[in-house]
Structure formats: C-alpha cells, structure tokens
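Below, each chain spelled out in residue letters.
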Amino acid sequence: MKVYIRSTACISPQKTFDDGFLDEIVEYTGTRLAAIEPDYKEFIDPKQIRRMSHVIKMGVAASKKCLQDAGVEMPGAIVTGTAFGCLEDTITFLTRLVEQQEDLLPPTAFIQSTHNTVAAQIALMLQCHNYNLTYVHKGISFESALTDGMMLLNEGETNNVLVGATEEMVDTSFKVLTRLGLYKRHPISNLDLFKERSKGTIGGEGAAFFLLQANSSRESMAELTSLKTLYKQGNIEAAIVEFLTSNSLGIDQIDLVITGRNGDIGNNEIYDTPGKSLFKNTAIANYKHLCGEYPVSSSFALWLAANILKQQAVPQVVMEKGMVVSPKKILIYNHYLQKYHSLMLVSALS
Amino acid sequence: MSSAVYIAGVGVISAIGNDVAEHLVSFEQEKAGMDAITLFDTIHRGELPVAAVKLTTRELAEMTGLSPEISRTTQLSLVAAKEAIADAAIPDPSKWRTGLISANTVGGMDKSEDFFVDFLADNNKGKLRFIWDHECGSITETVADQLGVSDVVTTISTACSSSANSIFYAARLIKNDVLDIAIAGGADALTKFTLNGFNTLMILDKEFCKPFDEHRAGLNLGEGAGYVVLVSEKVAKTLTKVPYCKLSGYANSNDAYHQTASSPEGTGSYLAMTRALEKSGLRPLDIDYINLHGTGTPNNDSAEGTAITRVFDGKFPPMSSTKSYTGHTLGASGGIEAVFSVLAIKHGIIYPNLRFETQMEDLPLKPVTKFLKGQKVRNVMSNSFGFGGNCTSLIFSTS
Chain V
10 MKVYIRSTAC ISPQKTFDDG FLDEIVEYTG TRLAAIEPDY KEFIDPKQIR RMSHVIKMGV
70 AASKKCLQDA GVEMPGAIVT GTAFGCLEDT ITFLTRLVEQ QEDLLPPTAF IQSTHNTVAA
130 QIALMLQCHN YNLTYVHKGI SFESALTDGM MLLNEGETNN VLVGATEEMV DTSFKVLTRL
190 GLYKRHPISN LDLFKERSKG TIGGEGAAFF LLQANSSRES MAELTSLKTL YKQGNIEAAI
250 VEFLTSNSLG IDQIDLVITG RNGDIGNNEI YDTPGKSLFK NTAIANYKHL CGEYPVSSSF
310 ALWLAANILK QQAVPQVVME KGMVVSPKKI LIYNHYLQKY HSLMLVSALS
Chain Y
63 MSSAVYIAGV GVISAIGNDV AEHLVSFEQE KAGMDAITLF DTIHRGELPV AAVKLTTREL
123 AEMTGLSPEI SRTTQLSLVA AKEAIADAAI PDPSKWRTGL ISANTVGGMD KSEDFFVDFL
183 ADNNKGKLRF IWDHECGSIT ETVADQLGVS DVVTTISTAC SSSANSIFYA ARLIKNDVLD
243 IAIAGGADAL TKFTLNGFNT LMILDKEFCK PFDEHRAGLN LGEGAGYVVL VSEKVAKTLT
303 KVPYCKLSGY ANSNDAYHQT ASSPEGTGSY LAMTRALEKS GLRPLDIDYI NLHGTGTPNN
363 DSAEGTAITR VFDGKFPPMS STKSYTGHTL GASGGIEAVF SVLAIKHGII YPNLRFETQM
423 EDLPLKPVTK FLKGQKVRNV MSNSFGFGGN CTSLIFSTS
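Protein sequence lines, in the order shown, are assigned to chains V and Y. Quick note: the first sequence uses the working numbering, first residue 10, plus one each step. Quick note: the second sequence uses the working numbering, first residue 63, plus one each step.
Just chain V, with the same shape it has in the complex (with noise of 0.2 angstroms):
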C-alpha cells in the first residue's frame, strides 16, 4: 500500500516550519518544549486567528503550507490525529465548569473543545465537502490516520489526501504528566537529552501535515512504502525483521533508523536492544531532542525523514551513529509509553 509524500509542513519547537531544514537549531533548558509560533495572518483570516485556539492555529496553519506546497487547493480528503484534541478548550470549559458551579458558562470553548476541531476548521476554511476523519488513539492516533489516508489512496477513492497530527501542551496537561511522571524532575537542556541516564523525558507539541498522492510525480518528496503498527508487542526485534521482510527487505538495505529514544530510560532500553543486534551496523537518528515526546510526535519523524530523502542530507543534529552518505531508504521505529509501536518505512524516489 505505497502512497507518495508531495508535501509537508511541521510547526514545532524547532524552525521548522522556516525555509532551511534543522540548520538554526534552538536550545530549551527545563522539561518543555514550546512550538516557535508562524506569523498566522499568512495563513489564516485574521478575524479567525482570534477565536481558535494554540492547536487549532497550528494544525490550520500547517495544513494550509503543505496544500501550498503541493499546489492543491482541494484534498480529496482530511484525516488528521490527536491523542489529547483541544485541551486548552477543554480545561477553559471545565474550569469554569467548576468555578462557576455550572453557571452562565460561554458555549465557546466547549465548541471548540471536540477532539475533531482541526479537521473540521481545515474544511470549514477549504469548502471541502470531502472525507474527513481525527482518530483519537493514544500514541498512534497519527498513525491512525495515516493508515487511513494510505487506504482511501489504495481503495481509489481520491488522488490526493491530507493527513496530520496535531497535540498541544499547555499547563494542566504539563503539571499532570510531570506527576503522572512522563517527565524529568529537573531542567536539562534538549541537546543533552540523550546524555544522562534518568527516568522521565521532556513534553513536546506540535503540528504537522502531509499530502499523500496515489502517484508519484516529480515533485514528490517520498515514498512511504509500508506502516505499521503494533499493540503491546512483546519481541520487538522480531517484529521489526518481519515488517523490513514483508518488504523485501533486510536491514542491510536500510540505510538509517530514526528512533523514538526520548531520554527515559525505561523508554530508551526499548531502542537499546535492537541497537546493539539488529541495527548494530545501521546509522541511527533520533528526533525527540528536538521536538520533545509527545503522542503525535512521530509526524515529526516522518517529516524529517522526507526531507532527508528529498534533499540527500541528514542534520547532523539528528545522528547517533553511523554516516549516511546516500539515503534511499529509512525505517522510523517509535514506541509510545512502551505499549504503542509504530513502524514507518519510508524511500527515495526511484
């Protein structure tokens, strides 16, 4: 079920979003990475801008950069992911909820508090009547709606789908992850996430979008040739020599993994096993430092890894080990709170 990448656009805590590719990288120190904010008036009416929410700006604004860049004005159809939706809407409505004990509550942040805002403000401002879908699934609701786009595109419903993640953080979310413990209990600077040996990562957020094509053309970015994704998966390694074989593939022929490592050590000896075996002699990448952990962040990953492929070149930011010279093939493993995996294999352009 091969789709093709003709575009992609990712708000994040780095430039992103920024012509150039991860070459001004910014430095955090604490436990939270902030998305760098676009100028919206570029890409949303300014009367809007006003009324939507941190994640609806940024999944309306990235979704309009990468139709841009693709030069489509009407996607055949709209999924996007979110494990969290619209929390600043959410905690507005159930703040007041509280604090007013029921009373003369504004109806605002409760509309726009649905986990499917996103997709419908992006069809709201294209007039697309289209397919439209959000999938609400933990640590693959990004893949969730990727896994969809990849069928419509198969089933040839439509040519062209636009498929996303969005998830903010604001400061409820932060405070009860950090006692849920997802966090580190003291500041440390993103760049050395990968340095020290403790529990708990960084909190991210962000937004990114693709258009998915059922052909390839010129323009293409990529290839994302196979995805998967796996519940509670027991032998990992297994997993992933079965995903690259049902590919025709064996490892030799991949020529970087980008990994999910966060900087949590429970997290990271997931990565630590195949690292030492089966990627043993694999150049591997890592992306969290630079975006933080975050259920969708995985869309950053895929983002990073079309750029690889479109312009031949890795951020030397990204590596761990290994050179890639030429990359033609990269497979993005990501697991979420060791319970969600997900397997990307994503390729050059023949």
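There may be inaccurate statements among the hints.
[What the hints assert, rightly or not] List of simulated lysine-lysine pairs, DSS-like, C-alpha gap at most 25 angstroms:
| no. | chain 1 | residue 1 | chain 2 | residue 2 |
| --- | --- | --- | --- | --- |
| 1 | V | Lys348 | Y | Lys157 |
| 2 | Y | Lys187 | V | Lys184 |
| 3 | Y | Lys341 | Y | Lys237 |
Derived by calculation from the structure, the hints in this document are not laboratory data.
Since the structure of chain V is provided, determine the placement of chain Y on it from the hints.
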C-alpha cells in the same frame, strides 16, 4: 477489495435497556428512557431531563468486573461490546485477525471532572487514577485488553458521528484485508461537561425531545454504547448462525458550513446519503427505513429533513428518530443506531418516533408514530451528523 462485509453480532446498552432483548421490549411498549438527572450533582437537576442507563457505575462495574473507579464510558463500552461478541458466536475466533474500532467524544470525562475539582483547589491534589482515562483512546484500550483484541485497536472522534465512522472504518479494514473480524461502535457516558456544554448552546429541551416535530425545542442528552461485529466473507462462511445483514453502503462528508450548526440546505447530510447510496448500488426507493439522526434541535432536523427531501424526491420511506427513546447518546449514537438498524432488518420492525404531533411546516416529512411489526425491511439507512460538519450515512442490507 470488493468482498462483502457482514454483521454477525450486535450489542447495546442505553436508557431503554441493558441489552438487545430489553431494547426490543421497550421499543414495542413505546417506553422512552428519559428521566430526571440522578447520576451526578448538577444545578440542572429537575430542570433538564436526561436519558441515563438505569444502572449506577458501581452496578455496571459489577457486570463488567472492572473497578468502579474506571470511567462509566469504559463500563458501558465493555457491556455492549461483550454482548456483540457473544451474539456473533464466531467459532474459533483466535484463528482470525480481530480489531476493535471504537469511538467516543469526551473519553473518561466523568472521572476527569472529579479529578479537576481537587486539582483546581491544589495542583498537587486530585487522584491520578481519575485522570488516567481522560484520553478517548484509554477507553478503547481497556476494552480491547478485556476482550483480548490487539490486531488493530484504534479510536475515532468526530463528535456525534464518531461511532458511525468507526463502523465505516472497520468495514474498510476488512475490505482492505487488514482484518477478518472487527468489533466496531462507540460509547459515551453522561457527564457534566457535555450536559453544560450543550446547555450553553441552548439546544437542550426541558421536556422530552420531539424530533422532526414543528414544535421541537432541542435534544435530551443520553448515554450508552452500541457495537456491531463485522466479519469478512471468509469468516461469514464459518458461522453457525446466519449473519444479520451486510453493511452495503457508507459515506462520510463534511458540511463545511459552521463548527456547530448545520447548513440550511443540509449539504453534508445530502452528500453523505447520496454517496452511501452510490456505494451500495441502491436507489433511494430501495430504502425501506431511515433511522434519522433526528436530534430534536430545530437546526439539525430542518437541515436533515431538507437533505432527505432532496435525496428521496417525494418518495419517502418510513423514517423515525430513535433518539425519542434513547436521547442523544453523542459518540455512541452511530453505534447504537446501527444496532437498531440491524434489528429492524432482522425482526421486520420499524420504530416509532415518539411524541411526534405536528409536521414541520416547510417539509413534507412525517415520521412513523406507531411501532410496526411484520414489515419487509431489506435496506436501512442510518444517519449520524456531528459538530465540525462531520456527516456519515450507513446502509445495512439483507444478505
């Protein structure tokens, strides 16, 4: 790619029954599920009726075996999903690839609300167990674990069309040969969050709702869960029990008009219905019953009615909104009403639209007002429309 997808099992829990059999009795007795609010403390008690499942969360937990500290949405979801699987009675299910495609709109919000009261007073307070299920996906995950399903586990949230979309997606996963069996539908429990949210929009009726009536004044919130078991042609051949019907048509379209309101001409619903018909290869006059989205709000019913008028062009099949029984169960409604659609085919019944009195002035539509038995029901269209313009129509057909 083009193989048929069959409905092999159904399960449902709502204000009018805890299982399929109880629903059939309530339908025939024309017994609505609305009542005063008892589930939680709210300033709206006594003022707004709701259609709650007639079991406390503790009683539900006894049925499911889950801790009562786990969201009511999870409990409802597990009850209905288990019934659907038992009903399908698939021989040797372990030999097939099985998925759970579920849906809901606010995850474990009932517990998040409890957490939030303590958390707002002190950010270091609030029982973390209560926030754990805040994510929509958490509900599905617990249910999948309980059912032992792991091949595909995912969650859809498109407001009030969520679980119609999960059934739609499940069928496609089977057609694309990703799965052999899919349990699909959705669940939503009543919460203060949604009750107050809909109340701020001033679309809650203080009386029992009157869908498609000229004097309708809004919806009543409900809760529940509904699941169907979809199987591939290959699995269907191994069944000892004849499948209920096929899922013959489905389509999803966006109204692209307003975040919450439907366009006056019902563009999204019109497209969903026509595209679903196209998919099924059926003509409008082949449809024997429409299970309306029919929330009872002035806006929805007028938009949906306008779209139906255009699609069916004067030759209207019997139609009704079962939300006049169950209230609007939000993310569960598509799943629950899919079960009702399947049961209509199986038993040759058509449900009445309770409390309908006066036809809408500008539309030529008159829903069914009496419970009808012995009907020839071959093709049923089920409509589900939601915030964000997400419109989905499903068509179930005799196999």
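Evaluated hints:
1. Lys348/V x Lys157/Y: holds, 23 angstroms
2. Lys187/Y x Lys184/V: Satisfied, since the Cα-Cα distance of roughly 11 angstroms is no more than 25 angstroms.
3. Lys341/Y x Lys237/Y: With a Cα-Cα distance of about 13 angstroms, the restraint between Lys341/Y and Lys237/Y holds, given a limit of 25 angstroms.
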